[in-house]
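J.: Using the sequences plus the hints, can you model the full thing?
Using the UniProt record's numbering, the letters of the sequence shown correspond one by one to residues 1 to 1133.
Not one of these hints is a red herring.
Capping the alpha-carbon separation at 20 Å, the derived lysine to any residue pairs in SDA-like fashion look like this:
| no. | residue 1 | residue 2 |
| --- | --- | --- |
| 1 | Lys997 | Thr939 |
| 2 | Lys489 | Glu567 |
| 3 | Lys934 | Glu911 |
| 4 | Lys392 | Thr559 |
| 5 | Lys462 | Ala431 |
| 6 | Lys190 | His218 |
| 7 | Lys298 | Glu326 |
| 8 | Lys193 | Gly241 |
Distance windows between CB atoms, simulated:
| no. | residue 1 | residue 2 | range |
| --- | --- | --- | --- |
| 9 | Lys206 | Glu333 | 39 to 49 Å |
| 10 | Glu275 | Lys368 | 33 to 43 Å |
| 11 | Gln577 | Arg483 | 31 to 41 Å |
The hints are simulated quantities; they were obtained by calculation from the structure and are not laboratory data. From the three backbone atoms N, C-alpha and C, an ideal C-beta is built for every residue, glycine too.
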Amino acid sequence: MSAEVKKMPSQEVTGGSKIELRTSSGTVICLNFSEEDQVLPKIVRLVDPDTDDTAVFRSEDGVYHELDSDSAANLQEFQHMNHCHHCNCSDGNEQSSNTNTDVRKGDERGDKQREKLQKILRERKANKKEDENCNGHCHQIIQLPIRGLKQYVRVNSSQMNGEHKTSPSKDDSSPESKPVKEKNMLEELKIHKEPDIEVVNCTTVKVSWAGQVSNNSHLNGCSFDLQMFSKASPYSSIYSGSDKEFIVKELKPGTQYKFRLQAEKEGDKGDFSPEALCDMPCSVPSTPNQPHVGNKTKTSFTIKWTAPSDNGSPITLYRLEWNKGEKGGPYTECYCGSQRQFKLTHKLPPATPCSFRLQAVNSIGASKFSKDLKCVTSAGAPSSPSPPTLDKAGVNFLNLSWSKPESKGAEISEYLLDMEDGSTGYGFRPAYRGTETTCVIDKLQRNTCYKFRLLASNSQGKSKWSETVMFDTCPERPGQPSRPVLEGKLRSSGFTVAWVPPEDMGGSEISAYVLQADDGKGGQFTEVYRDLGCDYTFTGLSPGHLFKIRLAAVSDGGTSEWSKVTEIRTLPVVPGQANPPVLSKSNKPQPNTLDLRWDPPSYDGGAAILSYIMEMETPGTKEFREIHHLCDNMCTVAGLHPGRTYSFRVKAKNKAGVGKVSAVSHITTAPGSPDTPRAPDTLCRSAAAIIVSWESPAENGTPVTGYTLEWMEDEAFTELYSGPDKTCEVRKGVSPASFYYFRVKALSAVGPSLWSPVSTCQTPAASPSAVTSIRVVQNSSSHVSLRWRHPGNNGAPITSYNVEVAGFKNISFDVSNSEGSEAEEETTSVYQDYDINELQPNTVYRIRVQAVNKIGCGPFSATLFASTGDLPPPAPLLELATPSYQSLKLRWTSRGTNGKTGTAGVTYKLEMLDKNGSFVTVFNGPTTSHKVGKLLERTEYQFRIQASNDAGPGSFSDVVSFVTNAQPPNIVKGLKVENVTPSSLNVSWEAVQTVKKGEPIEYLLQSQCVGKDPDFVQVYQGPNTKFEYNSPPGSAEVRFRVCALRLMNAPNQSPGFIKGVFSAVSSARIMTPKKRKILESSAESDDRKPEIKEATRVVLTDTQWAMIFFSGFSLLAIIVILLLPSLLEYQIS
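T.: This is how it looks when you write it as structure tokens:
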């Protein structure tokens, strides 16, 4: 047996046995024995040859534990007394050179099952043979040399060599005292009855434990951890808190769940309660997913779908319904069975839209229908189109159209139109190829018959030809004839026209000529002649009118175009007698002018009136003289005298000559208006009164009836007075030290005169106006700041203000008025500010303001009510609410003024001392708590707080210090449990990253034997990530969980651990004694055979079982897919 300890993982041994030595510090030392060492020792003694340090281990139920110094000394004497004489074993010698020693800090990978069975068989055989020669005394104790023993165990340096060592002090606490206390606490927190389960519905249960808490007073004030177990997941926590009931939702119908409860108080956790079983009631299946199209043709569909969740009750059948493309139409059932596909063979037309929906049914009921599947059958070739129709026929073209045939699911890509011309003898030739349903066939011969047929095509093929139809072109009309010409002498009442036949007859004889003429006044053409003759005479026409004439030829081909228009005017005559002149209705007679107008003569002689001649009788004589020669029928005669009568007459003229003179008209001029008055006189009686007076102007033959006085306001004249008086006193709207402008006009029956020149006057100055717009712009507990707009000074600058404060005092202050340049006056503010100090807090004052200038005091302003504010609030009391390793939640209480507490209108500013030694703001708001985050663990932070209200900010509170907690380690992941021997397990997990450099991480491993241990018990604590566990007799299943422990190295403090969260529970099964005995008996019966049969039991994981089920299901699906077409063909046949 080797005496050297290796720190690397031990190599696998092909034969022999292996034992584990468990030290008091948690270290595990593994010893591998070869096949020659057939009997395992009961006592193992390890000796360091360099330092003479020793450690003694004794076997208890197959597990070797380290003994204390007293027990080790007794075992040394026992070794000398029971030394065996059958062998050469001695104290201090090696037992065997074929045993390998290995110290492990954690768990190793378990040996294979075959090697474990071989070891058991070899041990049995070796024990049987050795007992024949030796009673086992030589294997009761063994001594092994190991260098560096001190780093693995707590060694006894001299006691095993016979030297005396001081016994432990009586004050040392027994290692069993702590487990006793923990056992008492666990007994108090134990829950003896399972929680109560109440099923609410198929997915919800109500778990309550109020009765268990009421029967045990030790559970008052505890928090409870409720865990749930199902086949899909192991026990996991679903609730943690102080409530006595919890509603679990979103459970799976038809599934069995287990619940257990654990109480926790002041960091101690009790045992789990007995398990409560709950079988969820089954429910209807879940809503199926939308079915999909497996295959489709022009006339059929193959619909497939997947199975939904059965919710605890197996699905018995599927119901498939369909709708033949009718929007909003009813669904009909097309399939009902257990298959998950269906072929719909209803000989559907091509491109037929259909909708499908699916429903699953079990013993509970039917699920909801799935979403609708909308699909369309494959397309086909279009139907045979209808023959084309004739829209319009011309001389050399035919306009054809046709209707769109049924496309059968594919858009029509092209139409083919064939035409046959009988004169060529080539048969049908393509005349049009395209996607339009109309076409024009041109370049045809006139009056000819053509044959047509039509074909349509799409992506699926071509349709059949339509029926053949025949259409004819039209004949051609005659050509345009020449225009009619004048024949003979032109007269004032008629004339004769003649024409010649057109050069192109259009292929047929002329049947008639149509002659049209207008009425000579630009009216419409009317037919005056229709015959085969080539001339016509017009009679009874009006003189001087222009007549328009046109001609057309008519044949079997139609009517030709109209010829060009011929214009012929009859000879005119002189106009008739003119109408007498009259006064214009739009303009009344004026004193010096007359506006005259007259109507044109009723007959102009067949020619336009060129001009009119106006004549007026000279006053004192009866002779008329020409005063105007003009083209218009109106005239303005000026230079007349008011109130006199004048005689006028007029005559018209055209190109044929001058007509008769009109009758004489007698017209009288109108009277005149008064002359323009002089500028009015003004007199200022006071600063608010002006007297305005004026004189009468010349009446100009018409008496003056009144006067109108106007003055200027806002840069525009407005009426101030209207009446017969010649004076007016103005008071309303007159301001001191202001300029005013006046003007006047006279009124008569004829009309008003012109406005007089403008008169100007200025009013004297007065006392200031009343102060307006006074308001409070700022206030505090002892002062009020006022602001108002400067009132009008009424011509004299304001020198001071009087401020009257009721109940306080009257204040008067001067205003500095600069008499500098205009630029300085423009920069002067239009507002006046004034602060009233030494006021009482929280008090309402009545304030009035009065302006003063050199003329006197103005009126007081309206009363203003101003109130002072409260005093700033005192500093709040700051305290720590909830600490953590990266944040501190602070809260504070506010104290109001005058001994009252309150937070209405109060805001708080929280400041924290930074690294630079200055306070920075971390919170500003009205709430009374704040969480400061992004902090470092185990760090002291200093804070202060300040309260503010409308009166202003208060004083800061005293600086207080708070410390963050330490950060717990992360949760352990990757917990695995593997079998090493029938009675031992290898437990391993992944290492956890250290929180802070230099702080080690240890692990706390707990185990629970199902059916034996009521709760988890500690089996290992140390820095290793592996541990080999030897199960106690009678245990079949063992569960493990592990958590990380962070070792804190705080200065000036003893090291302490911070416990992390436990990992998920991992379990493993161990062979029971009964099965182990059967396996041993079968091994003994097979000793005589040349080969040993190995009995192995393979334990499959959940992943392996899932792969087996998936492979089996995939194989079954492939077989069904291969056999289904044959079955369907067999059923159809």
